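Enquirer: Sequence:
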Amino acid sequence: MARELVSELGKRGDPDELRRVDVIWHVVEGITPSRIVRELPYGPLLILGYKRMGRGKTFQPLSEKWDEKSVKEWGLARYVAFDTVFVKEHEWTKRLAAENPYYWAGDDGEFTIAVDLVENRVGRASYLPMKPLRDFRDARDLMELARE
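Each number in the working numbering corresponds to the 1-based position in the sequence shown with 19 added.
To be clear, the hints were calculated from the coordinates, so they are not data collected in a lab.
Since this is a predicted model, take the numbers as computed values, not measurements.
Here a beta-carbon is modelled for each residue, glycine too, at the ideal position from N, C-alpha and C.
Each hint can be trusted.
Here are the simulated DSS-like pairs of lysine-lysine, each with C-alpha atoms no more than 30 Å apart in a straight line:
| hint | residue 1 | residue 2 |
| --- | --- | --- |
| 1 | K70 | K88 |
| 2 | K88 | K113 |
| 3 | K113 | K150 |
| 4 | K76 | K107 |
| 5 | K107 | K88 |
| 6 | K107 | K150 |
| 7 | K107 | K70 |
| 8 | K91 | K113 |
| 9 | K70 | K113 |
| 10 | K91 | K70 |
| 11 | K84 | K107 |
| 12 | K107 | K91 |
| 13 | K70 | K150 |
| 14 | K76 | K150 |
| 15 | K113 | K84 |
| 16 | K113 | K76 |
| 17 | K70 | K84 |
Now the in silico label distances, taken between C-beta atoms and shown as ranges:
| hint | residue 1 | residue 2 | range |
| --- | --- | --- | --- |
| 18 | I50 | N119 | 22 to 30 Å |
| 19 | I43 | D154 | 25 to 33 Å |
| 20 | E83 | R159 | 37 to 45 Å |
| 21 | K113 | K76 | 22 to 30 Å |
| 22 | R166 | S82 | 31 to 39 Å |
| 23 | R71 | N139 | 20 to 28 Å |
| 24 | R71 | E138 | 14 to 22 Å |
| 25 | D154 | E110 | 34 to 42 Å |
| 26 | H45 | P151 | 23 to 31 Å |
Based on the provided sequences and hints, a complete structural model is requested.
Expert: Shown next, in the form of structure tokens:
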């Protein structure tokens, strides 16, 4: 199914049209083979580290590790963000993010939060303790709730 979705998005033709599609590609080291990442159509890329929790407890991750050269190739003309688990496993991401405005790496809760709408929970990250989601006025209010 995922391959069909990627294929259909890739057929959209006009690269400017693809830039307008609200897609952020989520890829996980240890789950997503690098050959798949190379094939993804244009769009921001969120690179996640493998977490040994939830489904990650029972899944045998791929042995392939992603290096700086590969990530730079994937990031040509697109924004790339790294989650904190990936950053902890690859220190070079901090330097890359400091040197290039197209790359971003930050601490949990600094610029992003996790919102679980299935369980109605919010927190600094999905692998950290989360609290019940309550009413909020806007994104700033939601960020404050996650940081409490």
